[in-house]
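Enquirer: Put chains Z and W on the given structure of chain U with help from the hints.
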Amino acid sequence: MNWTWFHKLGSPKWFYEISGRWLPWLSISAALLILVGAVMGLAFAPPDYQQGNSFRIIYIHVPAAFLAQSTYISLAIAGIVGLVWKMKIADVAVQQAAPIGAWMTVIALLTGAVWGKPTWGAWWVWDARLTAMLILLFLYFGIIALGHAITNRDSAAKACAILAIVGVVNIPIIKYSVDWWNTLHQPATFTITEKPAMPMEMWLPLLIMTIGFYCFFAAVLLMRMRIEVLRRESRTRWAQAEVARQIGRSA
Amino acid sequence: MSNVFTLLLVRETRLMFRRPAELVNPLVFFSIVIALFPLAVGPESQLLQTISPGLLWVAALLAVLLSLDGLFRSDFEDGSLEQWVVSPHPLVVMVLAKVLAHWLYCGLALVMLSPLLALMLGLPTQHIPTLLLSLLLGTPVLSLLGAVGAALTVGLKRGGILLALLILPLYIPVLILGSGVIQAALQGLPTTGYLLWMASLTMLTLTLAPFAIAAGLRISVAE
Amino acid sequence: MSFDSFSEFLAMGNHGVYVWSSYGISFVILLLNVALPILARQRYLKNEARRLRREAQQ
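Keeping their order, the protein sequence lines are chains U, Z and W.
Its first residue numbered 1, the first sequence is counted upward by one per residue in our numbering.
Its first residue numbered 1001, the second sequence is counted upward by one per residue in our numbering.
Its first residue numbered 2001, the third sequence is counted upward by one per residue in our numbering.
Okay, chain U solo, but in the shape it has when bound:
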């Protein structure tokens, strides 16, 4: 396998150019997929036989929760890449992806709470999955706070990477212990994602939404990373030329 692309990714200039080419496609597909998924989920999917129409909330809740978890895992992967290969772009990715992941966790928590009101009769129930999401949010807060507290840019990235790796080792343990805690204290209620054999019209919008959310994440991450790369590389000639070009365009 040819690994040159991997080493090229380490070069901020190359990243800036290639991401500029990807960004429009990602943004368009994210917008289209989310729009189509939302319309299909809201209008065309049949209502659930138990939960009625409130189950339509899962078309946001599940993709957001999925994305929130995989973002944390990707933080750790980017952290390992940054620590092992000293790749600057990975450092940028760790710090720029964390806030997006935190926002996704917020979406998952809020929609879960709203869904809980008609289903359980309370805004918040200490359900195993919701509780695990809440803990994930705290983990994100820790990474963001640590990144802001350390002034040296490289140390901040490395410290965040280590915290993300420690967190990712902890996530399965947290998940299992919360599940166990839940069974110890209350009988299992039915949860937002438990679906016995969804028909095609029900899970197709879910699939579209999930892909749409992933595209959305990629697009926003690239947008955030591009600004940060410009900022970090402000002493190099290519970044100065790019900034001058952008200023000329906006003026």
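Heads up, a few of these hints could be off.
Restricting the straight-line Cα-Cα distance to at most 30 Å, the calculated cross-link-like pairs of lysine-lysine (DSSO-like) are [said to hold, decoys possible]:
no., chain 1, residue 1, chain 2, residue 2
1, Z, Lys1157, U, Lys13
2, U, Lys88, U, Lys13
3, W, Lys2046, U, Lys175
4, U, Lys117, U, Lys13
5, Z, Lys1157, U, Lys175
6, U, Lys117, W, Lys2046
7, U, Lys175, U, Lys117
Under 8 Å between C-beta atoms, here's a sample of chain U residues computed to sit facing chain Z [unchecked claim]:
no., residue
8, Leu23
9, Leu35
10, Val39
11, Met40
12, Leu42
13, Ala145
14, Ala159
15, Ile174
16, Ser177
17, Val178
18, Trp180
Hints were generated in silico from the structure; no laboratory data involved.
Ideal Cβ placement from N, Cα and C applies to all residues, glycine included.
Expert: For chains Z and W alone, coordinates are given in the frame of chain U:
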């Protein structure tokens, strides 16, 4: 290598006994937090007994957390941490000695104090061994994970609240398992399985955390 | 289409408030995530433009 380990342990012991107040402070904090709860929720013994596993665990966790802020601070300020990092001895071993010392003088002391407070909360005497075992297995995890946070924040001026923010979410599995074991015992359920889970968690943390602590210290020193 | 009329679609079988509010909140948060980097970029470019002008004057 083991020579460095024992030397460091002896050094930590000496330092610790030079400042006995710091040795006692977490214990006093632990007792005060436990005493706050009957004052807050009322002296009804049935209620206190039901919530006592959680109370003891949360109080122990907070006491360990408070003592962690100073774990590497004085070594960082007088420069001995830098010497550790550049010394030919493996940093992981030195870190392990440091954390072991912390656990001996903070964690173990809390474990020994806990039966007294448990009796005051009305935990039945036959469940005291379970409590002791769960704390004995859990407090090393608290010290080790906390040391990761302490290593990452040692260079910062106001690391205290940040340390709590970083570490408390990571403490959740220990808290759940530790207090769950005692609750299971109170309900008359078998506890051996859960205690074995806790033991495996302790072993996992013991093998992995020192590397994270060492990496964190390297970053903080390099800054 | 699983609804007969538009008013039924809005009502969502008495769960309208929950469904629409959660979709609303989520889309606001998604838009916020798009807006934040765009605003940050504009702010950065403006600062850079100001700095370049100042350097040109000197």
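Enquirer: Run every hint past the structure and note whether it holds.
Expert: Right, here's what the structure says about each hint:
no. : hint                   : in the structure
1   : Lys1157(Z) - Lys13(U)  : violated (35 Å)
2   : Lys88(U) - Lys13(U)    : holds (11 Å)
3   : Lys2046(W) - Lys175(U) : violated (45 Å)
4   : Lys117(U) - Lys13(U)   : violated (49 Å)
5   : Lys1157(Z) - Lys175(U) : violated (34 Å)
6   : Lys117(U) - Lys2046(W) : violated (46 Å)
7   : Lys175(U) - Lys117(U)  : holds (24 Å)
8   : Leu23                  : violated (32 Å)
9   : Leu35                  : violated (35 Å)
10  : Val39                  : violated (37 Å)
11  : Met40                  : violated (36 Å)
12  : Leu42                  : violated (35 Å)
13  : Ala145                 : holds (5 Å)
14  : Ala159                 : holds (5 Å)
15  : Ile174                 : holds (5 Å)
16  : Ser177                 : holds (4 Å)
17  : Val178                 : holds (7 Å)
18  : Trp180                 : holds (7 Å)
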